[in-house]
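**Q** One letter stands for each residue in the lines below.
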Amino acid sequence: MKILAEIEESIRISAESIWANKLRAFLATLGVVIGISFVVLMGWAISGLDKALQDSINLIGEDVLYIDKWDWSGGKRWQEIRNRKEITYQQAKQLISELTLPEVAVPLASVWNAQVKANNNVYSGLSIAGTSADFGRIPSGDVEKGRFFSQADERETRPVAVLGYKVAKTIFAEEDPIGKEIKIAGRKFEVIGVVKRQGTLLMDFIDNRIYIPIGNFLQIFGGEFRRSISIGIKAGNIDRMDEVREEARGLMRAIRNLKPWEEDDFSINETKAFKEIVSTFRLYVWGIGIGMTILSFVVGIIGIMNIMFVSVAERTKEIGIRKSVGAKNRSILFQFIVESAFLCFAGAMTSVVLCSILVFAVAKILPNFVPETAFLQPFLPADFVFYATIVAIFVGILAGFLPALRASRVDPIESLRYE
Amino acid sequence: MAENNNHQDRQLLIDLQHISRVYQVGIEQVFALRDINLKIYKNEYVAIMGPSGSGKSTLMNIIGCLDTPTGGVYYLKGINISELDDNELAEIRNKEIGFVFQMFNLLPRANALKNVELPLIYAGVPKQVRLERALNALKAVGLANRINHKPNELSGGQKQKVAIARALVTNPSIILADEPTGNLDSKSGEDIMKIFHKLWLEGNTILLVTHERDIALHAQRIVRLRDGLIESDEINHQRVMFEEVNE
Chain R
1 MKILAEIEES IRISAESIWA NKLRAFLATL GVVIGISFVV LMGWAISGLD
51 KALQDSINLI GEDVLYIDKW DWSGGKRWQE IRNRKEITYQ QAKQLISELT
101 LPEVAVPLAS VWNAQVKANN NVYSGLSIAG TSADFGRIPS GDVEKGRFFS
151 QADERETRPV AVLGYKVAKT IFAEEDPIGK EIKIAGRKFE VIGVVKRQGT
201 LLMDFIDNRI YIPIGNFLQI FGGEFRRSIS IGIKAGNIDR MDEVREEARG
251 LMRAIRNLKP WEEDDFSINE TKAFKEIVST FRLYVWGIGI GMTILSFVVG
301 IIGIMNIMFV SVAERTKEIG IRKSVGAKNR SILFQFIVES AFLCFAGAMT
351 SVVLCSILVF AVAKILPNFV PETAFLQPFL PADFVFYATI VAIFVGILAG
401 FLPALRASRV DPIESLRYE
Chain Z
1 MAENNNHQDR QLLIDLQHIS RVYQVGIEQV FALRDINLKI YKNEYVAIMG
51 PSGSGKSTLM NIIGCLDTPT GGVYYLKGIN ISELDDNELA EIRNKEIGFV
101 FQMFNLLPRA NALKNVELPL IYAGVPKQVR LERALNALKA VGLANRINHK
151 PNELSGGQKQ KVAIARALVT NPSIILADEP TGNLDSKSGE DIMKIFHKLW
201 LEGNTILLVT HERDIALHAQ RIVRLRDGLI ESDEINHQRV MFEEVNE
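Residue numbers (the working numbering), protein chains in the order written: chain R, 1 to 419; chain Z, 1 to 247.
Here chain R stands alone, though its shape is the one from the complex (with noise of 0.2 Å):
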């Protein structure tokens, strides 16, 4: 009862003198604010970037694994890798008929910044590749409008093309690309399908790409064509993969005929590889963040406890009344570090309130300019504003000790002759 009503008085009296010395206390808890808002925005960058992670995976999906001559992961050494002999389409040809574990198994192979005629333009910077339809069975080959190319246009050469997202929109806009002409290095294809729109933050290239038979893809770029060829395999099951994994890197070593003692010369690539590019992200923004954070909350807490001085010294009459009324050293304690405490808390609340503003505009005002940031989401992390709000409160109490204890040993008969 006695703490309590204590309590009570403390914050009342706090937020008189808060109320009473508005700008100066906005002032004093300015770097408090700033810590706060970092250690928010953070939680909130990390929180979009989980999802941005989340996307992808789902995209590529979890229980699919790509025999590749690069490695995602980036943990191997790069000359190693520039090293590797190129997979070629016949080795890639023999893997998926040898393969009987999984569900789906497809060539890919790719060429960048390709240039594609249509409507008599010219559009440049986009990617083709060439695969088999059974791509069509995989995540990232979901349809949208009209079909993936089949079997027999796989078998007959047909010279059809399914379009990235983006790729559909650049060139059609609002118009319907469906039985259109393009023209890739001067041949004529019709697209019959265009796929859902995919881009991510980790995978913004996937919605720029253009699907054709790989046997065209061949005859097109066959002659110098000395890019390697990754094989997607779907597993069907995620408890699978480690059976599916075990069976490709079999086959892979023996038909690039390597000794037992040998090395890999691929890489099989999964979805676990994003998230390890991201954990490191991940551990920059931390790192940044942690950095100013720290850096702003020491400010914080010398502007805190800065104003906390001058607040004892222009209230020693105060602390001088409360003592002669019966007020103990710790009560007085108490109270200046529940005001420091409380201001630091003020100060939490007003930039959750800054924050929620700033994000919830950005997110909902950024993405139309950069698509890319679509993966912002409009709220803050609850978890974060809570963390940030103890953390206030543990910085206000740091912060107010030392006034708090200057002020507990205020000598009552000096401070009643204080004017």
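Note that these hints are calculated values from the structure, not bench results.
All residues carry an ideal CB built from backbone N, CA and C; glycine is no exception.
Hints are supplied without guarantee of correctness; some may be wrong.
Unchecked claim - Taking lysine-lysine pairs in the DSS-like style, the calculated list, with each CA pair at most 30 Å apart, reads: (1) R/Lys-166 / R/Lys-275; (2) Z/Lys-114 / R/Lys-317; (3) R/Lys-69 / Z/Lys-114.
Claimed, not checked - What follows is a set of in silico ranges between Cβ atoms, one per label pair, in the way DEER data are often shown: (4) R/Arg-330 / Z/Asp-35: 33 to 41 Å; (5) Z/Gly-124 / R/Phe-309: 25 to 33 Å; (6) Z/Lys-127 / R/Tyr-418: 26 to 34 Å.
Please arrange chain Z on chain R, whose structure you already have, making use of the hints.
**A** Chain Z alone, transformed into the frame defined by chain R:
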């Protein structure tokens, strides 16, 4: 020393034995109080008089448990005050002492009611009881209609009445008033003295510190200090009494 025969059957509240208070100023020792022996009984009305520098403020601080003596022993209701630490002194002040200061010493941002409630907060009295007792104390000084006023909205006399209500609210053993009329015009001063008189009639013990003879004449007993010693301690035979005290 003037002794009142009635003292024997009254409760001894304050018992100062050979009290001294020395301040160290640089290398010099300043004796504010040299050897004070003073007994105050329940329901006495005592005035302490003396010129400035006579030690009356120091004496009041010691009696009010704001300060501790450097020599001698001080018993308040049988408790040896000289041995208590800061927190114990605070508790004694809260329970046993009601201060009324010359400068009123009210909290400027709190209204009259909150000011009067303050000692009860530190005493741990529940909110409802606190309000009730604070209201009663304000009624007792005739300020029931000013409870929501802040000190800067009150006249000097009214401020002092709030201060008296605050001193009364804990039912202290003794009310210590340090020049309570020093900052008031004579009319308000007289009002305040009437209130003290009424409180005395109701059984309170009052210790008045003043250098004004007119004010001291309201007390039953006058103690005169000079140079840290008691110069005289006698019954006030020219006592000014209020005929009618109706607030």
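**Q** Could you say whether the range 25 to 33 Å given as a hint is met by the Cβ separation of Z/Gly-124 and R/Phe-309?
**A** Holds: the Cβ-Cβ distance is about 30 Å, inside 25 to 33 Å.
**Q** Would you check the hint for R/Lys-166 and R/Lys-275, treating anything up to 30 Å between C-alpha atoms as holding?
**A** The given pair, whose Cα atoms are some 26 Å apart, holds under the 30 Å limit.
**Q** With respect to the beta-carbon atoms only, verify the hint that Z/Lys-127 and R/Tyr-418 lie 26 to 34 Å apart.
**A** 31 Å, holds
**Q** Range hint 33 to 41 Å: satisfied by the CB atoms of R/Arg-330 and Z/Asp-35?
**A** 35 Å, holds
**Q** Tell me if the straight-line CA distance from R/Lys-69 to Z/Lys-114 falls inside 30 Å.
**A** 79 Å, violated
**Q** Could you grab the alpha-carbon distance between Z/Lys-114 and R/Lys-317 and see if it respects the 30 Å cut-off?
**A** Answer holds: Z/Lys-114 to R/Lys-317 is near 17 Å, not above 30 Å.
The structure fails hint 3 only (numbered hints given earlier).
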